[in-house]
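J.: Between the sequences and the hints, there should be enough to build the whole structure, so can you do that?
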Amino acid sequence: NAGVTQTPKFRVLKTGQSMTLLCAQDMNHEYMYWYRQDPGMGLRLIHYSVGEGTTAKGEVPDGYNVSRLKKQNFLLGLESAAPSQTSVYFCASSYWEGTDYSGANVLTFGAGSRLTVL
Amino acid sequence: AQTVTQSQPEMSVQEAETVTLSCTYDTSESDYYLFWYKQPPSRQMILVIRQEAYKQQNATENRFSVNFQKAAKSFSLKISDSQLGDAAMYFCAYRSANSNSGYALNFGKGTSLLVTP
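Taken in sequence, the protein lines are chains A and B. In this text, residue positions in the first sequence follow our numbering: the first is 2, and each later residue adds one. In this text, residue positions in the second sequence follow our numbering: the first is 26, and each later residue adds one.
Accuracy of the hints is not assured; some may be wrong.
To be verified - Pulled a few chain A residues facing chain B out of the computed Cβ check, cut under 7 Å:
| # | residue |
| --- | --- |
| 1 | Phe11 |
| 2 | Tyr32 |
| 3 | Tyr34 |
| 4 | Gly43 |
| 5 | Leu44 |
| 6 | Leu46 |
| 7 | Tyr49 |
| 8 | Val51 |
| 9 | Gly52 |
| 10 | Ala112 |
| 11 | Gly113 |
Everything labelled a hint here was simulated from the structure, so no lab data went into it. Where is the CB? At the ideal position from N, CA and C, for every residue including glycine.
T.: Okay, structure coming up:
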């Protein structure tokens, strides 16, 4: 099992360019998340999805769009990149197991994608 | 949204010694989950330990244990017999028991732990 795979791992963009980060998981997880990590800020939730075809906004959604057309993939798009979007982006996934959520919803993280916007 | 506060940006411990990392949180909920994640220089997020709020017993995982004080909204991590491999950024995280935010984790800003020989 590969777990959660993020591509690309590194990317440098110019202001105004667009790009898409791909997150793929092979664990059949229902829930997927995109976080960004900035120095001294911890991880902040950008968007999340509770299943195929669903997306919702997190804490810092502005400037990002997401899509979950297939259960295993969660895409994060930047339509017009800004220097403020320079960050490390983490994707994570988790599953929901009926009414017993004591064991469910432990997040599995990808290795991160470092994005620099010049 | 619930606030998670880690008041120690950096901590240092000698090898084989014990260190405690602090975490407090703000919530009006009675049922929730708390986590500690480790992030070594590789950037990979690794789950260290978790605690269900409805359980009074403190969670333990080998050399890692927590002191969960529900009334005080405190969730500290104790690392015993510290090893060089414990050097990392440690994040405390809160997860609501309801589905309003898709069961996403709410993270603190992190504590950087240095382990000296």
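J.: Against this structure, judge whether each hint is valid.
T.: Status of each hint after checking the structure:
1. Checking Phe11 of chain A against chain B: minimum C-beta separation of about 11 Å lies over 7 Å; hint violated.
2. Below 7 Å, beta-carbon pairs count as interface contacts, and Tyr32 of chain A has one with chain B at about 6 Å; its hint therefore holds.
3. At a threshold of 7 Å, the smallest CB-CB gap from Tyr34 of chain A to chain B is about 6 Å, leaving the interface hint in force.
4. With a cut of 7 Å, the hint placing Gly43 of chain A at the interface with chain B holds, because the nearest CB-to-CB distance is about 4 Å.
5. Taking 7 Å as the C-beta cut-off, the interface hint given for Leu44 of chain A holds, the closest approach to chain B being about 4 Å.
6. The criterion of a C-beta within 7 Å of any C-beta in chain B is met by Leu46 of chain A, whose closest approach is roughly 5 Å, and the hint holds.
7. The beta carbon of Tyr49 of chain A comes within 4 Å of a beta carbon in chain B, closer than 7 Å, and the hint placing it at the interface holds.
8. A least Cβ separation of about 5 Å between Val51 of chain A and chain B falls short of the 7 Å threshold, and the interface hint therefore holds.
9. Given the 7 Å rule on beta carbons, the hint for Gly52 of chain A is violated: about 10 Å separates it from the nearest Cβ of chain B.
10. Hint status for Ala112 of chain A relative to chain B: holds, with the closest Cβ pair at about 6 Å, below 7 Å.
11. Residue-level restraint check for Gly113 of chain A holds (minimum Cβ-Cβ distance to chain B is 5 Å; threshold 7 Å).
Checked against the numbered hints given earlier, the structure breaks hints 1 and 9 and satisfies all the rest.
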